[in-house]
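**Student:** Residue-level listing of the chains:
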Amino acid sequence: MTQQALTSVSAREPAPAQGAPRTPLVLLIGNPNTGKTTLFNRLTGQNARIGNYPGITVERRSGDLTLRADGPPRVVEVVDVPGAYSLSARSAEEQIALSAVLGWAENPRPDLCVVVVDAGQLARNLYLVTQLLELDVQVVVALNMIDEVRDNPPNAGELSRFLGVPCVATDARHGTGLAELERAIGAALVLPPRSALRIDYPKPLERDLERVSAALPNEWRESAPRARALALWALTSIESDDELHGVAPALRTLCLEVRAQAGTRDIDHELIATRYALIDAELPKLYPRLETHPKKRKTSERVDRVLLHPVFGFAIFIGLMLLMFQSLFSWSDPAIRLIEACTSQGADFVETHVPQSILRDLVTRGVIGGVGNVVVFLPQILLLFFCIGILEDSGYMARVAFLMDRIMKALGLHGRAFVPMLSGFACAVPAILATRTMERQRDRLLTMLVVPLMTCSARLPVYTLIIGALFPPSRVFGWLPVQGLLMIAMYLFSTLITLISAFVLGRTAVKGRRIPLILELPPYRMPSFTGTLSMMWRRAAMFLKEAGSGILIFTILLWALLSFPRPVHVDHSPLTAAAIHQQGSLAPKQQIQANSAPAATSVRGPSAIEQSYGGRLGKAIEPILRPLGFDWKIGVGLIGAFAAREVFVSTLGLVYGIGDADENTTPLRDKIRQERKVDGSAAYSPLMGLSLMVFFALSCQCMSTLMVVYRETRTIRWPLFMFGYMTTLAYVASFLVYQGGRLLGF
Amino acid sequence: MNLAQTRIGQIVTVAHVAGEGSFRRRLMELGLVPGTRVEVVGIAPLGDPLELLVRGSSLSIRRAEAEGVSVSLGEAASAERKPGSPSRTPGNDTLAARGLARSAP
Chain A
1 MTQQALTSVS AREPAPAQGA PRTPLVLLIG NPNTGKTTLF NRLTGQNARI
51 GNYPGITVER RSGDLTLRAD GPPRVVEVVD VPGAYSLSAR SAEEQIALSA
101 VLGWAENPRP DLCVVVVDAG QLARNLYLVT QLLELDVQVV VALNMIDEVR
151 DNPPNAGELS RFLGVPCVAT DARHGTGLAE LERAIGAALV LPPRSALRID
201 YPKPLERDLE RVSAALPNEW RESAPRARAL ALWALTSIES DDELHGVAPA
251 LRTLCLEVRA QAGTRDIDHE LIATRYALID AELPKLYPRL ETHPKKRKTS
301 ERVDRVLLHP VFGFAIFIGL MLLMFQSLFS WSDPAIRLIE ACTSQGADFV
351 ETHVPQSILR DLVTRGVIGG VGNVVVFLPQ ILLLFFCIGI LEDSGYMARV
401 AFLMDRIMKA LGLHGRAFVP MLSGFACAVP AILATRTMER QRDRLLTMLV
451 VPLMTCSARL PVYTLIIGAL FPPSRVFGWL PVQGLLMIAM YLFSTLITLI
501 SAFVLGRTAV KGRRIPLILE LPPYRMPSFT GTLSMMWRRA AMFLKEAGSG
551 ILIFTILLWA LLSFPRPVHV DHSPLTAAAI HQQGSLAPKQ QIQANSAPAA
601 TSVRGPSAIE QSYGGRLGKA IEPILRPLGF DWKIGVGLIG AFAAREVFVS
651 TLGLVYGIGD ADENTTPLRD KIRQERKVDG SAAYSPLMGL SLMVFFALSC
701 QCMSTLMVVY RETRTIRWPL FMFGYMTTLA YVASFLVYQG GRLLGF
Chain B
747 MNLAQTRIGQ IVTVAHVAGE GSFRRRLMEL GLVPGTRVEV VGIAPLGDPL
797 ELLVRGSSLS IRRAEAEGVS VSLGEAASAE RKPGSPSRTP GNDTLAARGL
847 ARSAP
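Heads up: the sequence lines are chains A and B, in that order. First residue of the first sequence: 1, per the numbering used here; consecutive thereafter. First residue of the second sequence: 747, per the numbering used here; consecutive thereafter.
Simulated from the structure, these hints should not be mistaken for laboratory data. Every clue listed holds true.
Now the stretches of chain A that chain B is said to cover, found in silico as 3 or more residues with beta-carbon under 8 Å:
no.	segment
1	288-298
2	303-309
With the Cβ distance kept under 7 Å, some of the chain A side facing chain B (calculated, not the full set):
no.	residue
3	Ala123
4	Glu239
5	Tyr276
6	Arg406
7	Leu517
8	Glu520
So the derived label-pair ranges between C-beta atoms look like this:
no.	chain 1	residue 1	chain 2	residue 2	range
9	B	Asn748	A	Arg475	53 to 61 Å
10	A	Ala224	B	Met747	38 to 46 Å
11	A	Arg742	B	Asn748	55 to 63 Å
Backbone N, C-alpha and C define an ideal beta-carbon position, used for all residues, glycine too.
Can you make the complete structure from the sequences, with help from the hints?
**Tutor:** What follows is the structure in structure tokens.
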């Protein structure tokens, strides 16, 4: 096979836009764990633009590379295609690689594919390369991780001769070979390399291919080799129940027919074994010696003997996970407090320097508070992605999936769902962002839907307030503290419900097709800190950009809901005027108090929040909340808690006229304890406290979570579903707790 | 025997891959074609999945799927001279033998 360089390429390119020639597009494609993303970061200098592939929520990262060698500098756009072992596909997700390579489905058409292969694993990696070459696209091979095979380095020249395209040895982690790769990219863009590789398949398969390729749509037949390759692709990808896009019904019928007529012939075997036979025949020429068990694998297997050991392995695993969790839960705390202090300082500053007005309140409570609500997530997001970066880079993340798969499988989840689930104990927002480490849409969605059920740190202030106020600090059996036991029980309860929900949702709402697990345990490597830092930055920036504005808007809306109509200023909107009229003019506050909550008037004047729309809404929903044991005050607290669960505490404080209440504020606890019903009995019993905690454990009281789910799924459907199922679950569970408890005489 | 019945450290040769269409194809595309040498590197502490070494690369699959991969003990080096023996798929004997002859180191 010789290298064929075609000079005339214009006939196959789409007409360039009028004016300046468009920026050439280069794809980076390769198997997972080949250092593709590291190479991308090296080439583009980390200035990645992040978007999605058309029509699907799979991240598409692109960046600019300036080629400086040989002539004037020219800029090319580089796209990091998701890792794939093969181009054959059965889902829209797996189809991305092929669509990106061929410029299908609104993808821009690439000018060159740089295939990144692991220099130590050519036997497997070359499979994808042969598929690409058969498609008749321009290819340059980056023989990456060459530093790991110094004892048995593959011969780049020999590989180049075999494939008929340029091959450059690179080491993206340390930056070697990049200049040569850039030169090869530049040269290939001028003189596109065209491989003459043609694989001869067994005669019967060749006949099938002719039949199928005759039925291909015109745009699939740009060249004879491509038509043949796409016929192969169609024959091995199309199934009666595949989820592929853009496959004509006639083609589907024909492929199914051809497969059915194959009888005892095994088309998949004919195709795959032929490709591997070709690769296997070449391997002795590529490596100085053939190794069935490469050295770098042996080294990492020795490490695995400890890290995957039934006893030590699990002990280390639990230790590492605790460390990660601890960092999310506790170490982020000073930063979170600092952010909260800054926002309250900022609000105070405005309040002391600007005269009282609606606008001032909008700025302090709405805007500054809203910005604070967004920024407050950053410490945990950054810490979680720091941990994930280290775990992924070192190769341990695959071991986490390997260790936990048996358990996660029982729930219908992937082993990789473990880290996001664990992070859910700290906060659902970073945990949902972390689901991107999973490849499949279904796994991601299912994990996203159940993660908000885990007891996150925002629920703790609520639990602390309720437990502190309504449960005596007594001990069971003389030594077990009731309050501590309750807290542990809430954790166990939420974990149990999360697992059950995953099990149920995985079989109902996100049924989809369960795809068998395929996992690769990559060799252990030193994590790259620059790569990790850049990923932390990207995730944080993406969160601020995508979810930030939504959280800000919701904070302002909630502020308005709980602040209007204002008790002091009379504005002239008809709604407010009507409200005031309705309340009467002499003692409106007292009157409304007397009408709807007579028992609550005993010790204090009413609060502004009570008259707000939010307060009225709280009263309006009281009949719905009654069966759970909640009154309208709790209802208002629940509305406020939608901004973030811990806001429940300060909202309840406002209802009772206590400013700046936190979960340990004694007056607030006392108010809750002293609250009386009409008949003089305590309004809030321990049973109601339990019901309220169960409600908080299960309900989706977090707009930020919903906003992030919306951003990750790109549809309003899943956040609505999440809100619906969690609220229903919370309502039913609280109902059962409260009514069941009453039946039992509590 | 099948892959799920192997023990850690055993070296086996793939004889036949069964299973649901696209997953079977995926396994084969990852290198598990008849005649391929497979080393059972490890089994996860909870009993599932299995870690295999296939063509110098790591591959972990669940027990349920490994049951579909029938194997014979030992390496296939000798099968090189016995065309047809590793493949149980009719009509592919010569092909498998060709692949084997080249894969055997």
